[in-house]
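Chemist: Chain residues, written in single-letter form:
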Amino acid sequence: MEFHIDTASRLPIYRQLTGQLREAVARGQVQADERLPSVRELSRTLVVNPNTVARAYTELEREGIVNTRPGLGVFVARPKPELIKKVRRERFLDLLDHLLTEAVHLGFTAEEVVGMVTERVGQFQWIRD
Amino acid sequence: MPDVIVTDRLTKYYDRRPAVNHLDLRVPQGSVYGLLGRNGAGKTTAIKMLLGMVHADIGTAEVLGEDSSRLRPQTRARIAYLAEGHPLYRWMKVGEAVRFARAFYPAWNQPLVEQILDHFELSPKAKIRRLSNGQRAQVSLALAVAAEPELLILDDPTLGLDTVVRRDFLESLIQIIQRRARTILFSSHILGDVERVADRIGILVDGVLRVDCPTEHFKGSIRKLVLEFPGPPPQFPECVGLVGNRQVGRKLEAIVVGYGEEHRRLAESLSPRSIEVIEFNLEDAFVEYTRGPRRSLPIFVGGEPDA
Numbered sequence: 001m002e003f004h005i006d007t008a009s010r011l012p013i014y015r016q017l018t019g020q021l022r023e024a025v026a027r028g029q030v031q032a033d034e035r036l037p038s039v040r041e042l043s044r045t046l047v048v049n050p051n052t053v054a055r056a057y058t059e060l061e062r063e064g065i066v067n068t069r070p071g072l073g074v075f076v077a078r079p080k081p082e083l084i085k086k087v088r089r090e091r092f093l094d095l096l097d098h099l100l101t102e103a104v105h106l107g108f109t110a111e112e113v114v115g116m117v118t119e120r121v122g123q124f125q126w127i128r129d
Numbered sequence: 001m002p003d004v005i006v007t008d009r010l011t012k013y014y015d016r017r018p019a020v021n022h023l024d025l026r027v028p029q030g031s032v033y034g035l036l037g038r039n040g041a042g043k044t045t046a047i048k049m050l051l052g053m054v055h056a057d058i059g060t061a062e063v064l065g066e067d068s069s070r071l072r073p074q075t076r077a078r079i080a081y082l083a084e085g086h087p088l089y090r091w092m093k094v095g096e097a098v099r100f101a102r103a104f105y106p107a108w109n110q111p112l113v114e115q116i117l118d119h120f121e122l123s124p125k126a127k128i129r130r131l132s133n134g135q136r137a138q139v140s141l142a143l144a145v146a147a148e149p150e151l152l153i154l155d156d157p158t159l160g161l162d163t164v165v166r167r168d169f170l171e172s173l174i175q176i177i178q179r180r181a182r183t184i185l186f187s188s189h190i191l192g193d194v195e196r197v198a199d200r201i202g203i204l205v206d207g208v209l210r211v212d213c214p215t216e217h218f219k220g221s222i223r224k225l226v227l228e229f230p231g232p233p234p235q236f237p238e239c240v241g242l243v244g245n246r247q248v249g250r251k252l253e254a255i256v257v258g259y260g261e262e263h264r265r266l267a268e269s270l271s272p273r274s275i276e277v278i279e280f281n282l283e284d285a286f287v288e289y290t291r292g293p294r295r296s297l298p299i300f301v302g303g304e305p306d307a
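Chains as they are written, first to last, in the numbering used here: chain A, 1 to 129; chain B, 1 to 307.
Hints are computed from structural coordinates only; laboratory data are not their basis.
Source: prediction; values computed, not measured.
Mixed in with the good hints, there may be bad ones.
[Claimed, not checked] Interface residues of chain A toward chain B, partial, derived using beta-carbon atoms under 7 Å: (1) 7; (2) 10; (3) 14; (4) 28; (5) 47; (6) 51; (7) 73.
Glycine residues also receive a C-beta, built at the ideal position from the N, C-alpha and C atoms.
Using the sequences and the accompanying hints, generate a full structural model.
Modeler: Take a look at the structure:
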């Protein structure tokens with residue numbers, strides 16, 4: 001897992017880190033139980049304050065994306081369907097509406113949007129029933 | 001955590017103009033505080049008051065629990081200070097500079113200074129006057145770190161260093177932060193550097209601390225307000241969060257950190273024809289507002305700017 005930061009970005013550094021890991025997990029680029037770099041290592045390689053890295057890991061842990069095993073390090077967590085289906089559905093539809101609004105304003109047709117979604121779906125790793 | 005630095009209404013006048021104006025600053029132990037501001041914003045004056053090198057006209061400063069204007073030598077030995085431009089005695093060799101600095105600090109860590117100089121490939125026999133700016137910065141940093149200070153104050157340490165040396169310098173700084181809970185106050189005019197290293201950021205604008213917040217709150221709350229007027233625009237009222245404003249033709253542009261209701265109300269109180277609120281990247285804002293005096297030349301006088 002390669003993290004990178006962009007100080008010209010509008011996102012705070014810790015949010016860039018959480019975003020990158022969330023995406024890597026969703027794309028299957030990192031697997032459950034994979035060990036992530038320690039706060040010290042990451043702070044050194046990225047040249048950022050260790051507190052910023054710790055903050056990112058704390059946030060990810062709260063979201064259930066990583067877990068810290070004392071003395072061993074930080075690991076990618078096993079996905080667990082914590083949120084009840086209804087809440088997850090609502091959150092997703094909310095995001096979807098945002099995207100569709102953008103798509104309308106960018107001048108795409110419904111068919112084009114469905115086509116692009118289908119194409120992209122293949123690039124991600126999905127939970128199997 | 002106790003506060004290592006506490007100032008109360010700290011103020012200094014130069015030629016009846018406040019260089020630092022009612023500064024209330026708190027830096028908790030173990031934190032890294034980044035002080036941003038344009039050249040001449042008051043960063044150096046503020047730092048010199050903290051160290052008792054400049055006397056305040058109003059207000060007080062306490063460092064490590066002692067009044068800054070009366071720091072005892074024992075207390076000074078717990079503080080390391082990197083002055084702007086890394087002044088070192090040019091006639092010394094690196095090894096002599098080490099021996100000289102060592103005398104002031106009882107907790108001196110000689111193996112550490114040797115290790116750092118070695119890492120930077122600086123020979124003790126090298127003559128200081130032959131060193132580049134970057135190398136002098138490295139020597140100063142090595143000396144400051146070897147003092148094992150509880151408080152490290154750096155005044156624009158990366159000024160004049162090229163990108164590679166700057167990154168190297170920040171890397172060393174990160175390693176220092178990791179070594180133990182050590183308090184660091186550093187000033188800079190490069191936002192990217194401050195954002196990487198600081199837990200908390202303050203912005204001085206004309207001697208006034210306009211922004212003082214955790215680093216992660218900093219971004220995402222920056223807006224550029226563009227107010228359009230029928231005639232020449234007024235100034236934006238002074239307020240918390242305002243880091244700069246300027247008139248461009250009939251428009252008034254203001255950069256605000258921590259944008260909220262209050263700023264909206266202030267903008268409306270000027271009764272402009274229109275108000276536009278634009279999300280803005282602070283790096284851009286800073287580039288725009290740190291350009292220096294060139295900016296104030298009346299290039300656009302009389303003409304309608306093309307912006």
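Chemist: Against this structure, judge whether each hint is valid.
Modeler: A quick look at each hint next to the structure:
1. 7: holds, 4 Å
2. 10: Holds, about 6 Å.
3. 14: Residue 14 of chain A check passes; min Cβ-Cβ to chain B is 6 Å, inside 7 Å.
4. 28: At about 29 Å, which exceeds the 7 Å cut-off, the nearest Cβ of chain B leaves the hint on residue 28 of chain A violated.
5. 47: Since chain B brings a Cβ to about 5 Å from residue 47 of chain A, closer than 7 Å, the hint holds.
6. 51: holds, 5 Å
7. 73: For residue 73 of chain A, the interface hint is violated, since the closest Cβ of chain B sits about 16 Å away, which is over 7 Å.
Hint compliance for this structure: hints 4, 7 are not met, and every other hint is.
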